[in-house]
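Novice: Chain residues, written in single-letter form:
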Amino acid sequence: MTAVETAPAASENGRKRPEISDRGRSERRLGLMLAAPAVIVMLLVTAYPLFNALYLSLFSYRLTSPEDREFVWFANYATALSDPLFWQNVLTTFFITAVTVAVELVIGFALAMVMHRALFLRRTLRTAILLPYGIVTVISAFAWLYAFDLTSGFVNPWFGLGEYDWFGGRWSSLFVIILSEIWKTTPFVSLLLLAGLAQVPRDLGEAATVDGATAWQRLWRVTIPNMKAAIMVAMLFRTLDAWRIFDNVFIMTRGQNDTQTLSFLTYQQTITRTAIGLGNAVGVLLFLSVLLIAVIYIRGFRVDLSQVRGDR
Amino acid sequence: MVERTRTRTRYGGSRGTGRGARATVAVALLASGLSACGGESGPPTLNWYINPDNGGQARLAESCTKAAGGKYRIATSVLPNDATQQREQLIRRLAAKDSGIDIMSLDPVFVAEAANAGFLRPFEEGEKAQFTQGVFPPAVENSTWEGKLYAAPFWANTQILWYRKSAAQKAGIDPKAADFTWDKLIDAAARAGVTVGVQANRYEGYMVWINALVESAGGRIISAAERGDDAAIDIGSPAGRQAAAIIAKLAGSKAAGPTMSTDDEEAARNLLNGPRGGFMVNWGYIWRAQNGDAKDGVIDKSIPADMDWARYPRAVAGQESKPPFGGIELGIGAYGKHKDTYAVEAVRCITSADNMKKYMIDSGNPAARASVYDDPEVRKEFPMADLIRDSINTAAPRPITPYYTDVSGAVQSRWHPPGSVDPNSTPAESATFIRQVLRDQALL
Amino acid sequence: MESTRSKVLWIIGAVVILIWSIFPIFWIVMLSFKQPGEIGNQPGFFPKDWTWENYETVFSIDLFTSALINSIGISLIATFIGVVFATLVAYAIARLEFPGKKIILSFALAIAMFPVVSLVGPLFNLWRDIGLYDTWPGLIIPYISFALPLAIWTLSAFFREIPWEMEQAAQVDGATSWQAFRKVIVPLAAPGVFTAAILTFFFCWNDFVFGISLTSSDSARPVPAALAFFTGESQFEAPTTAVSAAAVVVTVPVVIIVLLFQRRIVAGLTSGAVKG
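Protein chains in written order, with this note's numbering: chain L, 12 to 323; chain X, 34 to 477; chain D, 6 to 281.
Looking at chain L on its own, in the form it has when it is part of the complex (with noise of 0.2 Å):
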């Protein structure tokens, strides 16, 4: 805090003149010095942790035999690779992505609608909103997990649907998992996209409807092209949230009848059979996946990230 006091004076207008003065330089290192802490604590759990993950992945190494331990080269990922279980994880993963990716733009967006334009309980229905958001994931699994449950869950009895057995099937039980990650995040696209939503010019629309368009032409020539950055950094967001889901996974269904994702594969690997080399092969994996998916978005659709940053 003690930087912050002596700082002020020096920066004012310093950032338009790009000579270096002896005032630019000591604000210089006081920058770095600034973000030092941050930084250091971010890379020592990432980076390095990364760089080991690499390392790690080119031995078969079990933490129960460690003398057999043996440098194998790519052998990991070559058997990760050519894994069925591998690419139907990839399939299950992209699956739950791709669904409540889609389902949350939709629901989030009549969500904004409705708070941009509700005149009463605009308070009320945002609080509401929050809660999901602010609601342990593994809670809202559990949540998800007993109500469809057919020891304890009310739904069955309510829809009149007998003994059916949610977790007993892949799809029913994917169905349940994205359910309760569809409530948990939407709030958070819905929030997103009402910020969006409350920088479309109101003329706009407004010309728009004396020039006799009707309600749906508005919405997709007018409000969803001057909102296209929120929305694409929305969908950035969630897609790659989404890509790691782990905690439904393991409460609700612990990855049987084939709804294992990729981040549910790598602590099966890594924590549980703990298989460190193999574990950590498919660590890398799913690493390398969430940079292409990542690079896809930003250089195919051009998510404009000084948006995100708040850039000016």
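A few of these clues could be false.
Under 8 Å between C-beta atoms, here's a sample of chain D residues computed to sit facing chain L [said to hold, decoys possible]:
| # | residue |
| --- | --- |
| 1 | Trp-32 |
| 2 | Pro-104 |
| 3 | Phe-112 |
No lab work stands behind these hints, which were simulated from the structure alone.
Just so we're clear, the structure is a prediction, and the values are computed from it rather than from any experiment.
Virtual Cβ for every residue (Gly too), placed ideally from N, Cα, C.
With chain L held as given, fit chains X and D onto it using these hints.
Specialist: Relative to chain L, chains X and D alone:
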């Protein structure tokens, strides 16, 4: 005695976290978090990691602390519910060379892995006898790795066939008959419109069932486990196919419960208590749980009176069944400070015939020493004592291998859901898959 | 322009949203008041016999009480340190000219997208080697680093909006620089810092992956992880109602924070992420 104290569930926690502490502010919390590993005065403390059992082991710890007369005290910490997760916790701590694990309650199937990794202190020749004499052979077998005893059998478990007398009558069968097979059981139950409860969720309990079926049919899942990833894999044998045929038959029959593919022990018990309740294979805890629930009014009082039991059904006619084996063995951590002294003494106290009997009556978990079953008190409390003793005596352990988690996981992955099991392909496929997993050539 | 009909529609929409948001929470509250024996016998929405039993049960379980203390302590400490770090960075980014600004922001963004599970294996090994495994700092450090990105964006977006000139104006009016900072800047910055703190706290409170991977006993295990390992009375019993009661206990702080600081959270989430 049988009463289950719902509101005062006693989990034997070690460090007392007083209620007042809950209001403490962050700074104080940090301090307490850091000081948790600080030194303490008084007699040395042995940390015993226990599986949840409603406080039975915690009470034994108290009484053995008293018996030690101030030499040491035993504190308990509870592990998770599920055997696989218990292992996960212990293995990770032991891999971190945690000196805070003195004694641990191990599921028999994980002894070999921990022993092979050097996480357990083997018992010396001179100590061996007191932990093995009069103890059921499968328990000793499970506690032994490469000729050395690595754990002391504490209690032993087995499954028997529990059923409603009324259902058996309706189905027109006598489960106590000498040649009672799974085939007869499933057919009769389907005819009578009642269910056969099993454990077929994708978890260790399913492996218990599969292994018992394979062994009862005269086969094994794997053998020559000491050869590591070259172990002989026998699940593709005719016995494996017979086991698969039984599972497929039940899964495809009306006698299967509606949630068979996610059923665990309690789900099977709920099924037995439900309107279509008929039969189930389950562990020894059932008698206690059923009587307790009836007393609490959770289930109808008439249900325990309607219950009867028989030996685990046969997989093939004319061949004695080999019921599942379970229970708990006590291992001593290889990194503990008191591993050669107090820990051995404490284990000796806990596993004495007297304490085994006390524990059996207190918790409902069957003792590992056969003599306990002759005790009149035990016989009064457990009308099926003889059946349990005989079942444990002839029970078949699950594969004893340091790679047990992989073997079990591989079997579960190929045999689940039970509805997909095909006697012609599943056993052979799972054999190939076990080999791949053992060689790190497949994900699980 | 709004007709009565569309007004009614908006209200219906609002009510549907209300129900959708609150319903699962309401359900878990109902579950937590059921007798344990009701599970498996009379499935239904409302408890047949209301009881506090489950709450008594969870608070008598050391596993839960210690997990609650762990969760509260670890989350508060991580939040405090994280917000201090984030404030420093955000201030530097908003007010100072130095190289690597963009890199820091992009790096923080990358961290926010990082698949946490990829890291727990190596982190487990590292923590094991340096003795952080199953300790409070062993969770606090990863919590800080993964909560930092959100806090940094929220704060740097917020700090940009602060009229820093006012500080100088105050100094011209004769205030010392400390007074100017305390009287002018702190009140302006405090809401942003506070918002970042709430969001960070939510993040830490929510964590599950680190909680189950980097702890193994009640000395550091947080509540979400403890819930997943919750046991019934005997080895085989499903503790549905007790888990529900524990879930409600853990949800109460969230509800209180949301009720009190709804506007702050909305502002933080939206300003940090999308800026026009």
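Novice: With a cut-off of 8 Å, does the beta carbon of Trp-32 (chain D) approach a beta carbon of chain L closely enough for the hint to hold?
Specialist: 6 Å, holds
Novice: Given Phe-112 (chain D) as an interface hint, is its Cβ closer than 8 Å to any Cβ of chain L?
Specialist: 7 Å, holds
Novice: Should the hint that Pro-104 (chain D) touches chain L count as held when the rule is a Cβ pair under 8 Å?
Specialist: 7 Å, holds
When held up to the earlier numbered hints, the structure conflicts with none and fits them all.
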